[in-house]
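Numbering of the sequence shown is given in my numbering, commencing with residue 1 and proceeding in unit increments.
It is worth saying that the hints were derived from the structure and are not from the lab. The beta-carbon is built from N, C-alpha and C at its ideal position, and this holds for glycine as well. Heads up, a few of these hints could be off.
Here are the simulated distance ranges between beta carbons [what the hints assert, rightly or not]:
{"id": "1", "residue 1": "7", "residue 2": "30", "range": "16 to 24 angstroms"}
{"id": "2", "residue 1": "38", "residue 2": "7", "range": "15 to 23 angstroms"}
{"id": "3", "residue 1": "14", "residue 2": "85", "range": "37 to 45 angstroms"}
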Amino acid sequence: MAPENHIFVIAVQNHSQWQDISMSHMNIISRYIRSRFQYEVDYSIDIDVQLFEHIGVEIIDALVGTISSWQYTTSHESRSYETRTESQAAIPKGEGDFYYTASYFGEVWLRSTN
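Generate coordinates for the entire structure from the input sequences, incorporating the hints supplied.
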């Protein structure tokens with residue numbers, strides 16, 4: 001992770017159904033946006049996924065990047081879709097931070113609170 005970037009971890013309660021997890025996370029994110037993040041944070045991400053196979057650019061959409069805690073210790077070369085030259089998602093060695101996530105929130109924070 002680049003030195004100018006910082007992570008703030010919010011612990012969440014686990015739920016048995018994915019719909020409850022999503023709703024709970026959005027509720028928590030909304031509360032934190034109003035109370036703390038509105039003027040401090042550029043992006044918020046939900047990190048509960050690991051990628052094990054080649055993936056394409058279709059999952060990246062308009063995102064700059066995404067994060068998972070297990071990614072901190074892996075090398076750039078071990079992330080297949082980022083290093084495959086034939087992939088539209090390939091990122092040249094030495095450029096960018098590389099993150100993976102289940103949910104990624106950015107742009108205008110107030111949109112996430114609605």
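If you test the structure against every hint from before, which numbers come out violated? Violated hints: none at all, because every hint is consistent with the structure.
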